[in-house]
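Chain by chain, the residues:
2 protein chains.
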Amino acid sequence: MSFQPYRSPSTGCPVRAVLFDTFGTVVDWRTGVAREVAAFATAQGVALDAYAFADRWRALYQPAMEAIRSGQRSFTKLDTLHRENLDEALRHHGIKPERVSRQTLAELNKSWHRLPPWPDSVAGLATIRRHYIVGPLSNGNTSLLLDMARNAGLPWDVIIGSDMTRTYKPLPQAYLRTAEFLDLHPGEVMLAAAHNNDLHAAREVGLATAFVARPTEHGPGQVKDLAPEGDWDLAASSVTELADLLGA
Amino acid sequence: MSFQPYRSPSTGCPVRAVLFDTFGTVVDWRTGVAREVAAFATAQGVALDAYAFADRWRALYQPAMEAIRSGQRSFTKLDTLHRENLDEALRHHGIKPERVSRQTLAELNKSWHRLPPWPDSVAGLATIRRHYIVGPLSNGNTSLLLDMARNAGLPWDVIIGSDMTRTYKPLPQAYLRTAEFLDLHPGEVMLAAAHNNDLHAAREVGLATAFVARPTEHGPGQVKDLAPEGDWDLAASSVTELADLLGA
Numbered sequence: 001m002s003f004q005p006y007r008s009p010s011t012g013c014p015v016r017a018v019l020f021d022t023f024g025t026v027v028d029w030r031t032g033v034a035r036e037v038a039a040f041a042t043a044q045g046v047a048l049d050a051y052a053f054a055d056r057w058r059a060l061y062q063p064a065m066e067a068i069r070s071g072q073r074s075f076t077k078l079d080t081l082h083r084e085n086l087d088e089a090l091r092h093h094g095i096k097p098e099r100v101s102r103q104t105l106a107e108l109n110k111s112w113h114r115l116p117p118w119p120d121s122v123a124g125l126a127t128i129r130r131h132y133i134v135g136p137l138s139n140g141n142t143s144l145l146l147d148m149a150r151n152a153g154l155p156w157d158v159i160i161g162s163d164m165t166r167t168y169k170p171l172p173q174a175y176l177r178t179a180e181f182l183d184l185h186p187g188e189v190m191l192a193a194a195h196n197n198d199l200h201a202a203r204e205v206g207l208a209t210a211f212v213a214r215p216t217e218h219g220p221g222q223v224k225d226l227a228p229e230g231d232w233d234l235a236a237s238s239v240t241e242l243a244d245l246l247g248a
Numbered sequence: 001m002s003f004q005p006y007r008s009p010s011t012g013c014p015v016r017a018v019l020f021d022t023f024g025t026v027v028d029w030r031t032g033v034a035r036e037v038a039a040f041a042t043a044q045g046v047a048l049d050a051y052a053f054a055d056r057w058r059a060l061y062q063p064a065m066e067a068i069r070s071g072q073r074s075f076t077k078l079d080t081l082h083r084e085n086l087d088e089a090l091r092h093h094g095i096k097p098e099r100v101s102r103q104t105l106a107e108l109n110k111s112w113h114r115l116p117p118w119p120d121s122v123a124g125l126a127t128i129r130r131h132y133i134v135g136p137l138s139n140g141n142t143s144l145l146l147d148m149a150r151n152a153g154l155p156w157d158v159i160i161g162s163d164m165t166r167t168y169k170p171l172p173q174a175y176l177r178t179a180e181f182l183d184l185h186p187g188e189v190m191l192a193a194a195h196n197n198d199l200h201a202a203r204e205v206g207l208a209t210a211f212v213a214r215p216t217e218h219g220p221g222q223v224k225d226l227a228p229e230g231d232w233d234l235a236a237s238s239v240t241e242l243a244d245l246l247g248a
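Just so you know, the protein sequences line up as chains X and R, in that order. Note that the first sequence covers residues 1 to 248 in UniProt numbering. Note that the second sequence covers residues 1 to 248 in UniProt numbering.
The set of hints was computed from the structure by calculation and includes no laboratory data. Be a bit skeptical, because a hint or two may be false.
[Claimed, not checked] Below, a list of computed lysine to aspartate or glutamate pairs in the DMTMM-like style, where the Cα atoms sit at most 25 Å apart:
no.	chain 1	residue 1	chain 2	residue 2
1	R	K96	R	E36
2	X	K110	R	D157
3	R	K110	X	D157
Please work from the sequences and hints to get the whole structure.
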């Protein structure tokens, strides 16, 4: 008997590809970045709160993309935005970026390429992949997502970076151009994400949706995205549970 | 001791990514297409030489892309060109495409998505992947290359289709935009191909080069590309031999 793919109630379509938000949903950016920031601080002989530094660096992410979404700035890849934001985060913590070698800063910026997966991510993706196309649907650029996959062992079938769609989520084209590269109807593509706003934007343009809870993405005191805030097609507490729900 | 990547004599760079021409180099398009054409002919109750049909269909490939390379026609993905060429190949063999259902023709067109790998491809790629980024560098579009990878079990790290570079080999931008998506210097990228003209174009824009002999790509009477016709960095008779030469 051949496999029957999950049919999305919201789109009425069988799901062919399950694409994942990555930062927060598949990998633990806060722990990964804090670890490398702590090593950097030790090497530089400075004292700082590595988690606070990671939170600050990450907080500059949305404003930087917003300049591009709004058309104020032409498309610029995420590695470049992270590098600019790193200077600002360093200054916020009392470190002059001019006094650190360019190579050291370039290395630290690559901490986003080396983020650790959540414990269930690799096994869950491998299971889902048996019956569905799997890939990231992220604001990361291709080389970042590729390094992340090789470092974390993420078994993607395909990587469509934001430098390929040349736009940033949650703009509609980020989702639609991704479906187009896959030659799939938007309703045949499911976005799995730990962020309700990402799922909301994906549903608006006709994708199937799955919430994956990551209640400690922002640390022990996280207050948002603790639960699904829409009637998403599926809701799971891990990628392995999502695999079960998809019948994979 | 950490792995020392192969250093290309022609570029002076260590190779980080080994990218493969696919049709002919990684997969056996002639056998794969002929097999599906033969099944189509049986189902339609017509007699035809399936290998001659495959050769004819493939012969229309370069002229179709040439209209795009020359700027006569805007970028059109390979699936669409194959579909147009199928009509012409059918007519050449005395079959009116109008008399065949659209769905049957769409299915037959997908034979390019289901090509069998050469016997050494999967094992060779898996070995090279341990130490190098591996991916296709093909005129195929992303969804075609993705289906091909899933069907043939090709363990790519990343797929950069021609619909992402929006140009066709052997134009320089096909190679250079691919290196750019990988955030690599062209000299850190090696093209592995069974076609001397592809390698020539890649070397012109600064890529490292490897010839992989496929002396039966065009059938038993093949007369070209039997041997390397340039001083390519490496020359191998299989992808597994290429893995050895790369020290992988």
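Hints and how they fare:
At roughly 18 Å between alpha-carbon atoms, K96 of chain R and E36 of chain R fall within 25 Å of each other, so this suggested pair holds. At roughly 19 Å between alpha-carbon atoms, K110 of chain X and D157 of chain R fall within 25 Å of each other, so this suggested pair holds. At roughly 19 Å between alpha-carbon atoms, K110 of chain R and D157 of chain X fall within 25 Å of each other, so this suggested pair holds.
In summary, this structure violates none of the numbered hints.
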